[in-house]
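Note that the protein sequences, when read in sequence, are chains U and A.
Residue 161 is where the first sequence ends in our numbering, and the numbering goes up by one at each step.
Residue 159 is where the second sequence ends in our numbering, and the numbering goes up by one at each step.
For the record, the hints were derived by calculation from the structure and aren't laboratory data.
C-beta: ideal position from N, C-alpha, C; glycine also.
One should not assume that every hint holds.
One-sided excerpt, in silico: chain U residues whose CB lies under 10 Å from chain A [stated by the list, open to error]:
#: 1; residue: Thr19
#: 2; residue: Phe62
#: 3; residue: Gln67
#: 4; residue: Val107
#: 5; residue: Met113
#: 6; residue: Gln114
#: 7; residue: Ser132
Straight-line distance between alpha carbons at most 30 Å, and here's what the computed DSS-like set of lysine-lysine pairs gives [as the list claims (entries may be wrong)]:
#: 8; chain 1: U; residue 1: Lys127; chain 2: A; residue 2: Lys96
#: 9; chain 1: U; residue 1: Lys77; chain 2: A; residue 2: Lys35
#: 10; chain 1: A; residue 1: Lys35; chain 2: U; residue 2: Lys127
#: 11; chain 1: A; residue 1: Lys3; chain 2: A; residue 2: Lys151
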Amino acid sequence: MPAPVADTSELLQLEIEKTKLLIPQAQVSAIESITDMMADDANSLSVGAVVHAGRAFSVFNFDADLQLIRAMPVSRKMCLCICVDEVVFALACDAINRLDKDQVELVELPVCMQAGTCPVSHIGIHKERIYSLISVRALYRLIAHSGKGDYMSSNLAEAHR
Amino acid sequence: MGKTVTNAWVLPIAESVHVAIGEFDMLHIITEWIKLHRVPHTPAYCHRILLWHGRVVPVFDIYNVICSAESARQVQSLPRYFICIVAYHSAAYADKVGYGALVLSALPYRATVTDGSCCDYPAGWDDWPLIAASCFQHPEHGPTPIVDLQKIFNSLLTE
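One chain only, chain U, in its complex shape:
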């Protein structure tokens, strides 16, 4: 049987270039403007940091294939601040819209596509458009796998404390 989708009433749709992602709104703490990002706080993986409610969120920037990139395309306008238990980070994206989950048909990612590193758990269909529902934890693991540096290790260690 297909894996259940997190029980949330709303989904946020993120655009990163041509890639359209979905994320449960309950996993999102805030949306900040990219102009509020402090680029001085960048490290080997993140492109900067934004602060919300006194908490710093490292900002990570992906391309359309969800590969971490250092360059910041001019199309990036927003930072999505994500907070789920120990997983705390922000995603740079071009646009963010809200979708009613009841209007989105979610189907499990076909078995033949479920590679170990794939952060996509379900495919969403909304008005004949296709979206990829991502797992925040899997996305964070993807970031962690990308970095072997001390920052990521210390950041993850701090997150687990």
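Please arrange chain A on chain U, whose structure you already have, making use of the hints.
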């Protein structure tokens, strides 16, 4: 005892590379442009999906599986416009039909397969059993593997 004759579809997946599927596995041949959607971090041979009659259908590129990564990239740059929709028994949804898509380099055509035409898999790639159930001798193309649709769509092949 007479020979058993079965009808099949021969699928060209690259120049001089052909595979086959059962006659009733084929549902539809898409000859016009159709939008394919990339899904990040999925296998190179199956990284796209399409919407067909409201269903999410994975697009499987068999030639990408049998080629080395380098030659597959070269092939991907060639114009390959044909896609066929196939049906298989879904393992995820018991007793339900699953739908998949295969990338073709040319339009498929029918052939007949007899018991006596069974043969070894084509030389040059040892892993045909990963994706095929058996093989038959086609009078024009030689050994032509019969793709096991249940196997390729119900599991993740090792990359």
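These are the hints, each one checked on the structure:
1. The interface hint given for Thr19(U) holds, since its Cβ lies 7 Å from the closest Cβ of chain A, which is under the 10 Å cut-off.
2. At a threshold of 10 Å, the smallest CB-CB gap from Phe62(U) to chain A is about 8 Å, leaving the interface hint in force.
3. For Gln67(U), the interface hint holds, the least distance from its beta-carbon to any beta-carbon of chain A being 8 Å, beneath 10 Å.
4. The beta carbon of Val107(U) comes within 5 Å of a beta carbon in chain A, closer than 10 Å, and the hint placing it at the interface holds.
5. A hinted interface residue such as Met113(U) counts as satisfied when its beta carbon comes closer than 10 Å to some beta carbon of chain A; here the least separation is about 4 Å, so the hint holds.
6. Taken as an interface hint, Gln114(U) checks out: its beta carbon lies about 6 Å from the nearest beta carbon of chain A, inside 10 Å.
7. For Ser132(U), the suggested interface contact is upheld, since its CB lies about 6 Å from the closest CB of chain A, less than 10 Å.
8. About 25 Å separates the Cα atoms of Lys127(U) and Lys96(A), which keeps this hinted pair within 30 Å; it holds.
9. At most 30 Å may separate the alpha-carbon atoms for a hinted pair to count; Lys77(U) and Lys35(A) meet this at roughly 27 Å.
10. Annotation: proposed proximity of Lys35(A) to Lys127(U) holds, straight-line Cα distance about 14 Å (limit 30 Å).
11. Among the hinted pairs, Lys3(A) with Lys151(A) is consistent with the structure: their alpha-carbon atoms are about 27 Å apart, no more than 30 Å.
Hint compliance for this structure: no hint is broken.
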